[in-house]
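Engineer: The residues making up each chain are set out below.
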Amino acid sequence: MVTSVTSFGKNGVSDWLIQRVTAVIIGVYFVGLMGWLMANSGFDYATWKGFMGSLPMQIANTLMMFSVAAHTWIGLWGVTTDYLTSLQLGGSATGIRLLVQAVIILLTLVYLLWGLVMIWGGA
Amino acid sequence: MMATVNQKRPVNLDLTTIKFPVTAIVSIFHRMTGVAIFFAIPVLLWLLDRSLASPESFADVKELMTSKLAVLVMWGILAVLIYHFLAGVRHLVMDMGIGETLEGGRRGAFMVFIGAAILIFLAGGWLW
Chain V
1 MVTSVTSFGK
11 NGVSDWLIQR
21 VTAVIIGVYF
31 VGLMGWLMAN
41 SGFDYATWKG
51 FMGSLPMQIA
61 NTLMMFSVAA
71 HTWIGLWGVT
81 TDYLTSLQLG
91 GSATGIRLLV
101 QAVIILLTLV
111 YLLWGLVMIW
121 GGA
Chain Y
1 MMATVNQKRP
11 VNLDLTTIKF
21 PVTAIVSIFH
31 RMTGVAIFFA
41 IPVLLWLLDR
51 SLASPESFAD
61 VKELMTSKLA
71 VLVMWGILAV
81 LIYHFLAGVR
91 HLVMDMGIGE
101 TLEGGRRGAF
111 MVFIGAAILI
121 FLAGGWLW
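Protein sequence lines, in the order shown, are assigned to chains V and Y. Counted the way the numbering used here counts, the first sequence spans residues 1 to 123. Counted the way the numbering used here counts, the second sequence spans residues 1 to 128.
One chain only, chain V, in its complex shape (with noise of 0.2 Å):
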């Protein structure tokens, strides 16, 4: 069996399950921070921090961020394996895609590291 190296999962069945489980998380986060920010309109410095730095948020914030890690990874590997082919680009496409996939990776990484100081206490 080939297996793709570039991808999340290294496997299209898991890659489906997590793309699915993220999402879920992903979808709730965002309801739920919408319908706070709707509740509390005008809220002031105080009241964001101590929510934000409430035990329950650090661990929602640190789910979310693995989530949309996990999630932006599976989606665009999906997407750049669909428009930068051979078929579009020629002989060069693997070169390309393995380019674009790699500065996608390292930034999504980068994301994800500061997301995870900025929850725990850094800046």
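Among the clues, some could well be false.
With a Cα cut of at most 20 Å, we get these calculated SDA-like pairs of lysine to any residue [stated by the list, open to error]:
#	chain 1	residue 1	chain 2	residue 2
1	V	K49	Y	R50
2	V	K49	Y	K68
3	Y	K62	V	S41
4	V	K49	Y	V43
5	V	K49	Y	K19
6	V	K49	Y	M65
7	Y	K62	V	D44
8	V	K49	Y	D60
9	Y	K62	V	G42
10	Y	K62	V	Y83
11	Y	K62	V	L33
12	Y	K62	Y	K19
13	Y	K62	V	T47
14	Y	K19	V	Y83
15	V	K49	Y	S54
16	Y	K68	V	S41
Okay, the calculated bits of chain Y under chain V, using three or more residues with CB under 8 Å as the criterion [said to hold, decoys possible]:
#	segment
17	24-35
18	43-52
19	66-74
Don't read these hints as lab results, they were simulated from the structure. A quick note: this is a predicted structure, and the numbers were derived from the prediction, not measured. Glycine residues also receive a C-beta, built at the ideal position from the N, C-alpha and C atoms.
Let chain V serve as the given structure and place chain Y on it in line with the hints.
Structural biologist: Below, chain Y without anything else, positioned relative to chain V:
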């Protein structure tokens, strides 16, 4: 029957010549909004960072959000998030075996567009 099939029949995968049904349009927008969100993530992380760093930087973000351009950018980001969310919910619903037929797929696609239009409109009203 087999004899009438041209073994060398042309394969048409030129996306520019294929007429997109509504289900394909929902799908391509799901991808395009996904790519757009990738570029929105650093903006959102930066806003979160500045809003939490100190009371001063929080005030700066609040000040920034009074500008029309910033509100417009936030509306754009919210719009792609709302669309991507609804199209994703449609995927999950279809994974559960609901709306998998051709007609069901079309109906779901229209529901995503209409739902997104309503929510994006409401989000605009909320931001302003």
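Engineer: The structure should be examined with respect to each hint, and the outcome stated for every one.
Structural biologist: Structure-based check of all given hints:
no. : hint             : result
1   : V:K49 with Y:R50 : holds (11 Å)
2   : V:K49 with Y:K68 : violated (26 Å)
3   : Y:K62 with V:S41 : holds (12 Å)
4   : V:K49 with Y:V43 : holds (19 Å)
5   : V:K49 with Y:K19 : violated (50 Å)
6   : V:K49 with Y:M65 : holds (18 Å)
7   : Y:K62 with V:D44 : holds (10 Å)
8   : V:K49 with Y:D60 : holds (15 Å)
9   : Y:K62 with V:G42 : holds (9 Å)
10  : Y:K62 with V:Y83 : violated (40 Å)
11  : Y:K62 with V:L33 : holds (18 Å)
12  : Y:K62 with Y:K19 : violated (46 Å)
13  : Y:K62 with V:T47 : holds (14 Å)
14  : Y:K19 with V:Y83 : holds (18 Å)
15  : V:K49 with Y:S54 : holds (9 Å)
16  : Y:K68 with V:S41 : holds (18 Å)
17  : 24-35            : holds (count 3)
18  : 43-52            : holds (count 5)
19  : 66-74            : violated (count 0)
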